Amino acid sequence: MFTTLFTHAACLDHDTGLGHPECSDRLRAVLAALETEEFHMLERQEAPRATVEQLLRAHPQAHIDRVMAAIPAADHAGIDGDTVVSPGSGEAALRAAGAVVAAVDSVASGQSRNAFCAVRPPGHHAEREKPMGFCLFNNAAVGAYHARAAHGLQRVAVVDFDVHHGNGTQDIFQFDPDMLYCSTHQSPLYPGTGDAGEKGEYGNCVNAPLPAMAGSPEFRHAMTHVILPAIDHFRPDLLIISAGFDAHSRDPMASLHLIDDDFVWATRKLGELARTHCGARIVSVLEGGYNLRALASASAAHVRELMYC
Numbered sequence: 001m002f003t004t005l006f007t008h009a010a011c012l013d014h015d016t017g018l019g020h021p022e023c024s025d026r027l028r029a030v031l032a033a034l035e036t037e038e039f040h041m042l043e044r045q046e047a048p049r050a051t052v053e054q055l056l057r058a059h060p061q062a063h064i065d066r067v068m069a070a071i072p073a074a075d076h077a078g079i080d081g082d083t084v085v086s087p088g089s090g091e092a093a094l095r096a097a098g099a100v101v102a103a104v105d106s107v108a109s110g111q112s113r114n115a116f117c118a119v120r121p122p123g124h125h126a127e128r129e130k131p132m133g134f135c136l137f138n139n140a141a142v143g144a145y146h147a148r149a150a151h152g153l154q155r156v157a158v159v160d161f162d163v164h165h166g167n168g169t170q171d172i173f174q175f176d177p178d179m180l181y182c183s184t185h186q187s188p189l190y191p192g193t194g195d196a197g198e199k200g201e202y203g204n205c206v207n208a209p210l211p212a213m214a215g216s217p218e219f220r221h222a223m224t225h226v227i228l229p230a231i232d233h234f235r236p237d238l239l240i241i242s243a244g245f246d247a248h249s250r251d252p253m254a255s256l257h258l259i260d261d262d263f264v265w266a267t268r269k270l271g272e273l274a275r276t277h278c279g280a281r282i283v284s285v286l287e288g289g290y291n292l293r294a295l296a297s298a299s300a301a302h303v304r305e306l307m308y309c
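Just so you know, we're using full-length UniProt numbering here: the sequence shown kicks off at 1 and counts up by one.
None of these hints come from the bench; they were simulated from the model.
Quick caveat, the model's predicted, so the values are computed rather than measured.
Virtual Cβ for every residue (Gly too), placed ideally from N, Cα, C.
Fair warning: there could be bad hints in the mix.
[Stated by the list, open to error] With a straight-line cut-off of 25 Å between C-alpha atoms, the simulated DMTMM-like cross-links for lysine to aspartate or glutamate are:
(1) 269 to 218
(2) 199 to 176
(3) 269 to 237
(4) 269 to 105
(5) 130 to 232
(6) 199 to 178
(7) 130 to 218
(8) 130 to 195
(9) 199 to 232
(10) 199 to 260
(11) 130 to 53
(12) 130 to 198
(13) 130 to 15
(14) 130 to 176
(15) 130 to 80
(16) 130 to 13
(17) 269 to 38
(18) 269 to 178
(19) 199 to 261
(20) 130 to 201
(21) 269 to 65
(22) 199 to 218
(23) 130 to 82
(24) 269 to 232
(25) 199 to 91
[To be verified] Quick list of simulated restraints, FRET-style, between CB atoms:
(26) 202 to 35: 40 to 48 Å
(27) 25 to 46: 36 to 44 Å
(28) 211 to 9: 16 to 24 Å
(29) 212 to 149: 21 to 29 Å
(30) 32 to 212: 27 to 35 Å
(31) 199 to 255: 19 to 27 Å
(32) 201 to 60: 16 to 24 Å
(33) 35 to 150: 27 to 35 Å
(34) 232 to 75: 44 to 52 Å
(35) 40 to 226: 33 to 41 Å
Turn these sequences into a full structure, and let the hints guide you.
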């Protein structure tokens, strides 16, 4: 079994306009980094569209209708001050969510050992009923509920090391005791959620906020003493990683100081837990990361470690 890369060219057609940080060059940088010789063993698959049935497990019909109705026939449209869509955004969003669904299928069936979804728009800020923060559909949550519905993987853990708190995933999971959401993130920072006291209805939301200027020691301490024990106690059937790389020291969107090796270390530790509890099943999906060089190097380091998990 191999690590499989899921992506689609349509994700490049989500045009957010001149100067927007969540741009198609992000995905181009990631894909270019994964084209080097060391990644020749990656199996590469084209992401399908998510179906309405699959989206409905994480979002109500009204949310889906609102997103698709906002897609303009030309130029750009703003869903909010941060979230911009263009004529290609609807297809990109369906392919991004569909990539995680297909990755879950591949990992659950044993066709892949694990998978990485190089897609955009990102998803972890999309709440059950609200697109926001560059995100239209919550890709990780769609994949988590598909794992349950299609493969009987009842208990799914999503681990999010993006520098911004995944308010959307927390919103969708907070009343479901068989879904676990764990996050390290800078605080205070957009979107203003993710305090340690936010635990969900069943204690299934685990937040480890980090102060501005925190680096490797603080991140690894939070993972070691908060996040990893929570996953170990939960004993998931599947592990999904919301892999944002904007906690990197070179990223302009925040003030954490992680380096590539921190993402490697975190991936390795999560791989160990996945082998212990869920047959090594990991699906990772790209979230943030806005310095192109840092995004390319960190995502390549993450995928390289996935190939050894």
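Comparing the hints with the structure gives:
Our distance criterion of 25 Å between C-alpha atoms is met by residue 269 and residue 218, whose separation comes to about 16 Å. A distance of roughly 12 Å separates the Cα atoms of residue 199 and residue 176; the hinted pair therefore holds under the 25 Å criterion. Only pairs whose Cα atoms come within 25 Å are accepted, and residue 269 paired with residue 237 is accepted, the gap being roughly 16 Å. With a CA separation close to 23 Å, the supplied pair residue 269 and residue 105 stays within the 25 Å bound.
Our distance criterion of 25 Å between C-alpha atoms is broken by residue 130 and residue 232, whose separation comes to about 31 Å. At roughly 14 Å between alpha-carbon atoms, residue 199 and residue 178 fall within 25 Å of each other, so this suggested pair holds. The straight-line distance between the Cα atoms of residue 130 and residue 218 is roughly 32 Å, outside the 25 Å bound, and the hint therefore fails. In summary, the hint linking residue 130 to residue 195 is supported, as the alpha carbons are separated by about 20 Å, within the 25 Å threshold.
Pair hint residue 199 plus residue 232 holds up; C-alpha atoms about 17 Å apart against a cutoff of 25 Å. Our distance criterion of 25 Å between C-alpha atoms is broken by residue 199 and residue 260, whose separation comes to about 29 Å. Only pairs whose Cα atoms come within 25 Å are accepted, and residue 130 paired with residue 53 is accepted, the gap being roughly 18 Å. Of the pairs offered as hints, the one joining residue 130 and residue 198 holds, with about 19 Å between alpha carbons and a cut-off of 25 Å not exceeded.
Restraint check: the Cα-Cα separation between residue 130 and residue 15 comes to about 20 Å, which is no more than 25 Å; the hinted pair holds. This hinted pair checks out: residue 130 and residue 176 have alpha carbons roughly 19 Å apart, not beyond 25 Å. Between residue 130 and residue 80 the CA atoms are separated by roughly 10 Å; this keeps the pair inside 25 Å, and the hint holds. Simply put, residue 130 and residue 13 have alpha-carbon atoms about 22 Å apart, close enough for the 25 Å limit, and the pair holds.
With a C-alpha separation of about 22 Å, the suggested pairing of residue 269 with residue 38 holds against the 25 Å cut-off. Straight-line distance between C-alpha atoms of residue 269 and residue 178 comes to about 22 Å, which keeps the hinted pair within the 25 Å bound. For the hint linking residue 199 to residue 261, the alpha-carbon distance of about 29 Å lies beyond 25 Å, and the restraint is violated. A C-alpha spacing of about 20 Å is found between residue 130 and residue 201, which places the hinted pair at or below 25 Å, so the restraint holds.
Proposed proximity of residue 269 and residue 65 is contradicted: the alpha carbons are some 39 Å apart, above 25 Å. This hinted pair checks out: residue 199 and residue 218 have alpha carbons roughly 21 Å apart, not beyond 25 Å. A threshold of 25 Å between alpha carbons decides the hint, and for residue 130 with residue 82 the separation of about 13 Å falls inside it, so the pair holds. Between residue 269 and residue 232 the alpha-carbon distance is near 11 Å, which keeps this suggested pair within the 25 Å criterion.
Proximity of residue 199 to residue 91 is assessed by CA-CA distance (about 34 Å); at most 25 Å being required, the pair is judged violated. The hint said 40 to 48 Å for the Cβ distance between residue 202 and residue 35, and at roughly 43 Å that hint holds. Restraint check, residue 25 to residue 46: a C-beta distance of roughly 21 Å breaks the suggested window 36 to 44 Å. One distance hint, 16 to 24 Å for the beta-carbon pair residue 211 and residue 9, is violated here, with the actual separation near 40 Å.
Remark: the range hint 21 to 29 Å for residue 212 to residue 149 is contradicted by a beta-carbon distance near 40 Å. Between residue 32 and residue 212, the C-beta spacing of about 31 Å keeps the proposed range 27 to 35 Å intact. Under the hint 19 to 27 Å, the C-beta atoms of residue 199 and residue 255, about 26 Å apart, fit the expected range. At about 19 Å, the beta-carbon gap between residue 201 and residue 60 stays in the expected band of 16 to 24 Å.
With their beta carbons about 31 Å apart, residue 35 and residue 150 fall inside the hinted range of 27 to 35 Å. Roughly 49 Å separates the CB atoms of residue 232 and residue 75, a value that falls within the hinted 44 to 52 Å. For the pair residue 40 and residue 226, the beta carbons lie near 37 Å from each other, so the given range of 33 to 41 Å is met.
Hint compliance for this structure: hints 5, 7, 10, 19, 21, 25, 27, 28, 29 are broken, all remaining hints hold.
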